[in-house]
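Asks: With this note's numbering, letter number 106 in the sequence shown gets 117, and the count goes up by one each step, no holes.
Incorrect hints may appear among the rest.
[Unchecked claim] Here are the simulated lysine-lysine pairs, DSS-like style, with alpha carbons at most 25 Å apart:
#1 K151 to K116
#2 K151 to K32
#3 K54 to K33
#4 K51 to K33
#5 K151 to K54
#6 K117 to K180
#7 K64 to K54
#8 K117 to K51
#9 K116 to K64
#10 K116 to K149
Note that these hints are calculated values from the structure, not bench results.
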Amino acid sequence: METTNNVHISPEALQMNETEKKLLAAEEKKLGTTLEEMSKDPKYGMCFACGEKNPIGLHLHFFWLPDGVLAFFTPGREHQSYNGRMHGGLITVLLDEIMGNYLFKKEGVPAYTARIDLRFRAPVQIGTTIRCEGHEVKRKGRLVIMEGVITNPDGTVAAEATSTLMLEKE
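Based on the sequences and whatever the hints tell you, model everything.
Replies: Rendered as structure tokens:
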């Protein structure tokens, strides 16, 4: 069992749930290949979105797509705003992370969000597993334009974003 500041994080909390695993397997079947999980950097173990040492973090798992990145997330009751609906700020975190973490892993240096334009389209229900996907759109020097989308289980787009990120100088 992992410990951070005397708070225990169960191994189950660090793993994907069964629905997320099934959706990943379906994606792999559709693509005809096994998707490689992005490595976790222990230096950033307290990252709210993906850190394994953060006791209140989201513990996301990211997978390389041929032209981007994929993650799944199942919001719990602690992630809601109005009863039964995921908080929009946390939806924003998912979009920001799917775009920024992709660049960090691809380039090997942090990518900082300079601007994010976000559109909420449909609510995310607590307990449903959503699909989070990000793709690079354009690049000019250290500035990178990314797009991210969150999709509900029925295929409706819950939220989408376009973000301008600045890669840290090496």
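Asks: It remains to establish, for every hint, whether it holds in the given structure.
Replies: To see whether the hints hold, each was checked on the structure:
1. K151 to K116: The hint holds at about 18 Å.
2. K151 to K32: The hint is violated at about 36 Å.
3. K54 to K33: It is violated: about 30 Å lies between the C-alpha atoms, which goes past 25 Å.
4. K51 to K33: Given pair K51, K33 holds - Cα atoms ~22 Å apart, limit 25 Å.
5. K151 to K54: violated (28 Å)
6. K117 to K180: holds (14 Å)
7. K64 to K54: holds (10 Å)
8. K117 to K51: Within the cut-off at roughly 13 Å; holds.
9. K116 to K64: Status holds; Cα separation ~19 Å.
10. K116 to K149: holds (17 Å)
Checked against the numbered hints above, the structure violates hints 2, 3, 5; every other hint is satisfied.
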